[in-house]
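Number of protein chains: 2
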Amino acid sequence: MRRSAGTLAVVGATGQVGTVMRQIIEERKVPFERLRFFASSRSAGSTINFGQQTIEVEDVDVADLEGIDYALFSIGASASRIYAPRFAAAGATVIDNSSAYRMDSEVPLVVPEVNPGDAARRPLGIIANPNCTTMIAMPPLAVIDRLFGLERVIVSTYQAASGAGKAGVVELDEQLRRPDLVRLTFDGAAVAFAPPQKFPATLAGNVIPLAGELRDGDTSEEEKFINESRKILGLKDLKVHATCVRVPVFTGHSIAVLAECRDQPRVERLVAELDQQPGCKVVGLPTPLACAGADAVLVGRIRRDRSSANGVAFFVAGDNLRKGAALNAIQILELLLD
Amino acid sequence: MRRSAGTLAVVGATGQVGTVMRQIIEERKVPFERLRFFASSRSAGSTINFGQQTIEVEDVDVADLEGIDYALFSIGASASRIYAPRFAAAGATVIDNSSAYRMDSEVPLVVPEVNPGDAARRPLGIIANPNCTTMIAMPPLAVIDRLFGLERVIVSTYQAASGAGKAGVVELDEQLRRPDLVRLTFDGAAVAFAPPQKFPATLAGNVIPLAGELRDGDTSEEEKFINESRKILGLKDLKVHATCVRVPVFTGHSIAVLAECRDQPRVERLVAELDQQPGCKVVGLPTPLACAGADAVLVGRIRRDRSSANGVAFFVAGDNLRKGAALNAIQILELLLD
Ligand SMILES: NC(=O)c1ccc[n+]([C@@H]2O[C@H](COP(=O)([O-])OP(=O)(O)OC[C@H]3O[C@@H](n4cnc5c(N)ncnc54)[C@H](OP(=O)(O)O)[C@@H]3O)[C@@H](O)[C@H]2O)c1
Ligand SMILES: NC(=O)c1ccc[n+]([C@@H]2O[C@H](COP(=O)([O-])OP(=O)(O)OC[C@H]3O[C@@H](n4cnc5c(N)ncnc54)[C@H](OP(=O)(O)O)[C@@H]3O)[C@@H](O)[C@H]2O)c1
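Those sequence lines, one after another, are chains A and B. Letter by letter, the first sequence follows residues 1 to 338 in the UniProt record's numbering. Letter by letter, the second sequence follows residues 1 to 338 in the UniProt record's numbering.
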């Protein structure tokens with residue numbers, strides 16, 4: 001029997017991830033006594049239906065935080081840095097979707113299928129949810145590590161607009177509504193798009209090899225992939241190279257992965273084990289459209305690397321709003337309630 | 001002084017690549033005495049304007065091939081296998097854009113900035129133009145090989161619809177005209193697309209990790225990248241791993257490349273040399289929209305690989321219809337006329 005979550009808060013309930021969290025709480029029948037929704041002062045006072053109830057959105061900045069048992073946060077890193085400690089101080093266990101606490105040594109970074117035990121030690125009362133791109137690669141990479149000993153990972157990503165929040169989706173949608181878009185066929189300059197706001201270049205009909213901010217060669221998004229993978233897999237010396245690229249997809253992050261192992265990987269064994277792994281599904285053609293709305297990450301194109309002795313390659317696609325964010329957070333909550 | 005091409009044929013003049021060939025012949029003022037256009041019986045009899053002239057399209061299957069000096073072919077592999085030998089037998093030098101002859105040991109496979117000398121020996125009277133994806137990676141990889149000794153290449157591609165011919169462009173365009181496309185945000189299944197014909201899945205709002213036919217683990221497109229790179233760079237033991245992915249872009253192929261070298265690569269030196277390399281341009285953000293209509297391939301995100309001692313990574317985007325096909329073929333022709 002799963003315990004009740006008592007008073008459960010969804011913080012960022014009006015956002016994309018918050019919306020999917022509300023859906024998943026209903027789908028999975030997460031047990032609670034009371035449900036509270038929070039957002040910024042912009043949305044405070046509006047109401048959201050949940051089952052038979054109508055729940056008013058509260059302003060996270062002024063609300064009374066007494067009596068909250070668990071809080072699922074998806075309001076971005078800078079707001080999480082302000083409000084997550086406030087919720088924790090008032091007694092709530094916070095599961096945070098932002099990058100604010102992921103690399104904090106006092107905060108576990110958890111994928112329930114991979115490192116559930118890490119959730120037990122949480123001195124700050126905060127558990128972090130990985131970056132949505134990192135997350136999607138973790139279930140298959142954990143299997144490869146277990147079977148063959150993971151030594152090096154090389155990834156190129158194909159990241160959806162929704163990974164950059166609602167504003168990214170709106171920007172791509174507006175660009176795609178241009179009837180002259182097809183003229184891009186022969187000359188990109190023929191379509192004059194409005195200057196992009198959210199992304200560093202027009203995303204429609206394009207791919208942008210820059211997600212996050214550029215640091216020293218790598219971007220912040222690439223550094224997240226490197227550092228978070230090491231922490232989740234418990235392989236602090238894992239060698240990782242990442243190239244993070246935004247593509248004109250609404251939802252569903254995909255990743256081309258090359259994994260180099262200590263032992264020679266056997267593809268048949270890997271396929272069989274991936275098929276058994278909770279949260280993974282082996283398919284012929286893993287794509288964002290196929291994974292959107294699904295809980296499992298889809299893994300395919302599994303093959304030996306012809307350029308190294310012990311390499312194995314695969315392609316993985318996962319719903320960045322579900323497994324990449326909302327679902328994983330709720331699976332962490334379920335872990336705490338079991 | 002460049003010699004005249006005499007009687008110059010464009011075979012596949014009505015196609016995407018043929019159209020760009022006609023533009024480039026005009027732009028670069030390729031010298032010729034007579035220009036002839038060929039296609040299948042479907043287009044034969046139609047006319048195409050070129051400068052002041054109106055030229056009738058001839059049926060390649062029944063036309064008199066006497067007196068043709070050079071023929072630029074872009075009609076696909078199965079048609080090239082039939083007609084390229086006929087043109088060669090009638091005395092023409094054929095520059096073929098298809099995969100039909102690329103790996104034939106009697107046929108040179110040429111990128112003028114990389115291996116111009118190979119064009120001299122052409123016992124069959126045929127010179128092959130590389131696959132459009134391979135092509136775009138060659139200028140920067142040739143520089144890396146020259147500077148640091150290339151040992152291994154790992155690529156993930158982001159390939160445009162136009163790389164699959166006009167039918168691919170039409171299919172993507174029709175899918176993108178769906179006003180309900182944005183609903184993909186939360187659920188891929190919410191938009192019912194017509195079944196795809198040209199691609200193995202819907203391309204709008206999606207990425208498809210399968211280009212060409214699936215062989216033994218790798219696809220035909222991935223094998224082309226592996227085999228053609230070795231032949232063009234003259235490195236028959238080069239280790240190559242490729243994942244070829246179609247993205248919802250009209251024109252411009254992009255590639256995330258990791259190159260492992262014999263010597264430790266120095267990024268500053270590489271950037272300086274790439275900037276000097278004809279056919280390459282170093283930019284901050286190389287994207288398909290930025291490269292569409294341009295001659296050079298755009299190279300950026302150049303950085304040391306943090307996962308190996310001697311690796312260097314970059315991202316490259318090039319116009320698959322220009323440098324990836326029409327322009328390179330015409331540069332080969334110019335080489336023969338110089
Ligand atoms: N999108 C993904 O794939 C993904 C994946 C993993 C993690 N995340 C994390 O989740 C966060 C939200 O992503 P999203 O896609 O849901 O973004 P979104 O659709 O733009 O929604 C943002 C949410 O945060 C709230 N918010 C923003 N600033 C706030 C503040 N200062 N105080 C209180 N609430 C504030 C917004 O409330 P209002 O309605 O009041 O504006 C809204 O509910 C991201 O910042 C990221 O850290 C996202
Ligand atoms: N697209 C690229 O990025 C790219 C890059 C490198 C190489 N290529 C090569 O170039 C070829 C053409 O590509 P594309 O994008 O221009 O394709 P496309 O737009 O579909 O055009 C195909 C052309 O080939 C002609 N053709 C087709 N079958 C023929 C036959 N049996 N006999 C004579 N002519 C025939 C067509 O003539 P009709 O008008 O009579 O149908 C048309 O001119 C490809 O097959 C590929 O081998 C393409």
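Among these hints, one or two may not hold up.
Said to hold, decoys possible - Residues of chain A clear of chain B, computed beta-carbon distances all greater than 10 Å: (1) Thr-7; (2) Gly-45; (3) Gly-67; (4) Asn-115; (5) Ala-120; (6) Arg-152; (7) Pro-209; (8) Gly-217; (9) Asp-218; (10) Leu-235; (11) Pro-278; (12) Asp-295; (13) Arg-306; (14) Asn-310.
As the list claims (entries may be wrong) - Here are the simulated DMTMM-like cross-link-like pairs (lysine to aspartate or glutamate), alpha carbons at most 20 Å apart as the crow flies: (15) B:Lys-239 / A:Glu-151; (16) B:Lys-29 / B:Asp-338; (17) A:Lys-239 / B:Asp-173; (18) A:Lys-236 / A:Asp-338; (19) A:Lys-29 / A:Asp-338; (20) B:Lys-198 / B:Asp-173.
What the hints contain is simulated information worked out from the structure, not anything from laboratory work. For glycine and all other residues, C-beta sits at the position ideal for the given N, C-alpha and C.
Evaluated hints:
Separation of A:Thr-7 from chain B is adequate, the least Cβ-Cβ distance of about 27 Å exceeding the 10 Å criterion. Remark: the non-interface label on A:Gly-45 is consistent with the geometry, its nearest Cβ contact in chain B lying 25 Å away (cut-off 10 Å). Every beta carbon of chain B lies more than 10 Å from that of A:Gly-67, the smallest distance being close to 32 Å; the non-interface claim holds. Every CB of chain B lies more than 10 Å from the CB of A:Asn-115, the least distance being 22 Å, so the non-interface label holds.
With a least beta-carbon separation of about 31 Å from chain B, A:Ala-120 lies farther than 10 Å from that chain, consistent with its non-interface assignment. Against the 10 Å criterion, A:Arg-152 falls within the reach of chain B, whose nearest CB is about 5 Å from its own CB. Residue placement check: A:Pro-209 does not keep its beta carbon more than 10 Å from all beta carbons of chain B (closest about 4 Å). Listed as outside the interface, A:Gly-217 is inconsistent with that label: its C-beta sits roughly 3 Å from the nearest C-beta of chain B, within the 10 Å cut-off.
Taking the minimum C-beta to C-beta distance to chain B, about 7 Å, the non-interface status of A:Asp-218 is violated against the 10 Å cut. The Cβ of A:Leu-235 lies farther than 10 Å from every Cβ of chain B, with a closest approach of about 13 Å, so its non-interface assignment holds. Its beta-carbon lying about 22 Å from the closest one in chain B, A:Pro-278 satisfies the requirement of being farther than 10 Å from that chain. The non-interface label for A:Asp-295 is consistent with chain B: the shortest C-beta to C-beta separation is roughly 13 Å, beyond 10 Å.
A Cβ of chain B approaches the Cβ of A:Arg-306 within 10 Å, the least distance being about 6 Å, so the stated non-interface status is violated. Against chain B, the non-interface label of A:Asn-310 holds: every CB pair exceeds 10 Å, the least being about 13 Å. For the hint linking B:Lys-239 to A:Glu-151, the alpha-carbon distance of about 19 Å falls within 20 Å, and the restraint holds. The straight-line distance between the Cα atoms of B:Lys-29 and B:Asp-338 is roughly 14 Å, inside the 20 Å bound, and the hint therefore holds.
With a CA separation close to 41 Å, the supplied pair A:Lys-239 and B:Asp-173 exceeds the 20 Å bound. With a C-alpha separation of about 29 Å, the suggested pair A:Lys-236 and A:Asp-338 falls outside the 20 Å cut-off, and the hint is violated. Only pairs whose Cα atoms come within 20 Å are accepted, and A:Lys-29 paired with A:Asp-338 is accepted, the gap being roughly 14 Å. As the CA atoms of B:Lys-198 and B:Asp-173 are separated by approximately 12 Å, the hinted pair is consistent with the 20 Å bound.
Hint violations for this structure: numbers 6, 7, 8, 9, 13, 17, 18, all remaining hints satisfied.
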